[in-house]
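Undergrad: The lines below spell out each chain.
2 protein chains.
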Amino acid sequence: MDVTEAISADAEPASLHQRILADISDRIMSGEWAPGHRIPFEHELSAEYGCSRMTVNKALSQLAKAGLIERRRRSGSFVRRPQSQAAILEIHDIKTEVAALGLPYRYELTSRRKRKSTPDDRERLGLKNSGAVLELTCRHFAGAQPFCHEDRLVNLAAVPEAADESFEENAPGPWLIGRIPWSAAEHRITAVGAEAETAAALNIAEGSPCLVVERRTWSADHPVTHVRFTYAAGSHALVARFTPSQS
Amino acid sequence: MDVTEAISADAEPASLHQRILADISDRIMSGEWAPGHRIPFEHELSAEYGCSRMTVNKALSQLAKAGLIERRRRSGSFVRRPQSQAAILEIHDIKTEVAALGLPYRYELTSRRKRKSTPDDRERLGLKNSGAVLELTCRHFAGAQPFCHEDRLVNLAAVPEAADESFEENAPGPWLIGRIPWSAAEHRITAVGAEAETAAALNIAEGSPCLVVERRTWSADHPVTHVRFTYAAGSHALVARFTPSQS
DNA sequence: CGCTTCAATATGTATATACATATCACGAAA
DNA sequence: TTTCGTGATATGTATATACATATTGAAGCG
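Residue numbers (UniProt numbering), protein chains in the order written: chain A, 1 to 247; chain B, 1 to 247.
Hints are computed from structural coordinates only; laboratory data are not their basis. Warning: the hint list may mix true and false statements.
Unchecked claim - In the DSS-like style, the derived pairs of lysine-lysine whose C-alpha atoms are separated by at most 27 angstroms in a straight line are:
#1 A:Lys65 <-> B:Lys58
#2 B:Lys58 <-> A:Lys58
#3 B:Lys95 <-> B:Lys114
#4 A:Lys114 <-> A:Lys95
#5 A:Lys128 <-> A:Lys116
#6 A:Lys114 <-> A:Lys128
Full structure from sequences and hints, please.
TA: Given below as structure tokens:
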């Protein structure tokens, strides 16, 4: 969640604890209360606003969860120095992404192989035991041009139904999303020079710069899938919205 | 942020509302409660757990803020379908990043120019009015090799003190962090082929693939800085942790 | 049959109260 | 002077209660 959620600069928060929260957050953002500053005690704020301590507590607890302040028993609450910046990266469906460009979308399956997992596969999936996996490569087109090359490994132990799906019509990404609730995932974003296979798939010169997004997904501690998306440089940018700090 | 914040799979949450929150979140994650499912009413849960409605309310409110459920008056609370996947991208300080590689860190200022903002500057900063800006370019080294090229624009209207700082010793990033509380930022991650200037700065061939991270920062609606970090491909990867759904 | 009205219901917010818990400061004992 | 204990203090959690508010479903009326 974004945890912070419209924390400041709102028109007129309806509820009292939201107003208190916004007031304090504004004073921190404006620099009036610098990092390290002790904000008034709960009982002081409750007196100031003429409300109960619980109401103030609700506001301060949310500020603490948002990482704006730090609460210390017996000492009070203090403005925190934003420490580890965290950005919220929204991962869009490729189809909608292409649609946003105003171009017609097309999906094409390039290859589909079922096999016993190799050590390399297990490495990619973060799998310990051997088992069957499904490797899919495919292309996503924006108009006539290939937009994205996808190389995906699916753990058939976690998603046995995938063995019965051809993926000639449906891209594996949306198919999996609609089937598996996931609890965790990990992204890795890098730049590479295109290798022969992806260069051919994307219709670009070998060695030309590409953006690579790798994603590993777990559902309840079981590895589900690993996917590597490759975009030609310039065709794609990842955009992230920022939120100040997180615990 | 994370609102979500350690929402599930914890050892043993101390407080009751945290336990309720974790229980529900687990049932959603496991798929037991599919999207659209109506979770028990507050009064039912309070009966089940033998606690007051306020305690249940606290848990459910947090789940709603985290985006896992949707609450509707008179109807109840429903499991939401994760819509836009969002990943939390942690942005680390370059110095600590290099330190994590076990290499000695060095910072070097390449250029420093103060000027009236050009239209291009205003475009980069998202600035309407003209005003003075400071452009800095610098390099971050990991061992003997240049690790990152930084090109930064600082809005002097928002940070006048920056005009008096030489930035020969201190990198502008940490300097700004310690001075300006920010409320929002926007990231853009792309891949490019190195241009002449950055290729020279990074000691790589022109046109070789690079990862570019651009960041625009606001403090209380005022543009503060725009920075473009360029890393040679292979030297750097952005890693993001996933959280399911967000509002 | 369609419209309005109304009451029932679940959530949203706020209160006063209570006790738990971590921590700091001060003073007593070694 | 150092160490230990003890009380004061601010936050953390939970409760029972109250009323506000949005929404739904059903009753009542034209």
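Undergrad: All hints are to be evaluated individually against the structure, with a verdict given for each.
TA: How the hints compare with the structure:
1. A:Lys65 <-> B:Lys58: holds (14 angstroms)
2. B:Lys58 <-> A:Lys58: holds (10 angstroms)
3. B:Lys95 <-> B:Lys114: holds (25 angstroms)
4. A:Lys114 <-> A:Lys95: The hint holds at about 25 angstroms.
5. A:Lys128 <-> A:Lys116: holds (13 angstroms)
6. A:Lys114 <-> A:Lys128: Answer holds: Lys114 (chain A) to Lys128 (chain A) is near 18 angstroms, not above 27 angstroms.
The structure is consistent with each of the numbered hints, conforming to all of them.
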